[in-house]
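In short: position in the sequence shown from 1, add 66, done, that's our numbering.
None of these hints come from the bench; they were simulated from the model. Computed from a predicted structure; not experimentally measured. Even for Gly, the Cβ is constructed at its ideal location relative to N, Cα and C. Careful, some of the hints might be misleading.
With beta-carbon atoms standing in for the labels, derived distance ranges [claimed, not checked]:
| no. | residue 1 | residue 2 | range |
| --- | --- | --- | --- |
| 1 | 233 | 210 | 28 to 36 Å |
| 2 | 290 | 254 | 20 to 28 Å |
| 3 | 162 | 231 | 41 to 49 Å |
| 4 | 242 | 112 | 17 to 25 Å |
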Amino acid sequence: MQLYCGVMPENENEKVNETAHAPQSEQGKPSSAEGAPAPPENHVLNPRSLRALAHPLRIQMLRALRHQGPATASQLAEKLGESSGATSYHLRQLAAHGFVEDAPELGKGRERWWKAAVRGTTFDGALDKDPNPEVQGAVEVYLHEIANIHTQELNTYLGTRDHWDEIWRDSSDMSDFTLHLSAERAAELNQKIHDLIDGYRDSAGAEDPATQRIRMHLHAFPQDGVN
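Put together the whole structure using the sequences plus the hints.
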């Protein structure tokens with residue numbers, strides 16, 4: 067199985083949680099923007115890191131940091147309906163495995179800020195073959211939580227379609243197809259779609275007022291005994 071999860075504002079080092087009050091430079095941007103390096107592109111999951119990530123709240127927190135930028139444990143707790151003690155604990159666990167890291171340039175006093183350490187995570191297909199029952203349990207938790215997030219995102223859009231201009235409603239898509247392919251051809255098709263999407267990643271910057279963040283979900287799987 068091929069699975070990539072990653073989305074982060076293109077100017078991530080300049081963006082913070084909308085509810086936050088980060089230290090500002092003279093130009094009005096968070097001070098972290100000044101010379102901060104971009105985070106690495108990808109974290110390929112292995113058995114150890116998968117087991118650390120395979121918790122619904124940890125997956126949701128990592129997603130929030132990637133989508134909305136740096137935040138404190140309290141801000142994440144408010145956003146996700148959890149206690150700050152829980153989010154603080156899970157942030158430390160994520161940090162121990164390289165998914166998130168401190169953003170001290172945003173801190174003020176005892177306030178501890180966190181940011182995503184990598185732009186995306188890739189599920190290594192070899193994890194599906196790992197004989198360790200704990201790894202297989204983590205695989206199930208991780209895959210089902212990603213599926214839940216995809217469903218939530220689509221339902222959120224459908225529930226707010228009337229908030230979008232017609233041009234954006236017309237540009238959305240909700241299609242499904244049934245193909246008869248060999249496993250090799252199916253993998254080839256998936257890779258071509260990934261390559262096509264990669265070609266659009268940097269076609270326009272997040273600063274362009276004519277652009278919006280577009281979410282795309284790719285699901286491809288065999289279906290037994292159904293016409």
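Results for each hint:
1. 233 <-> 210: 28 to 36 Å: At 35 Å between Cβs, range holds.
2. 290 <-> 254: 20 to 28 Å: holds (21 Å)
3. 162 <-> 231: 41 to 49 Å: The hinted range 41 to 49 Å holds for residue 162 and residue 231, with Cβ atoms some 44 Å apart.
4. 242 <-> 112: 17 to 25 Å: For residue 242 and residue 112 the Cβ distance comes to about 32 Å; the hint is violated.
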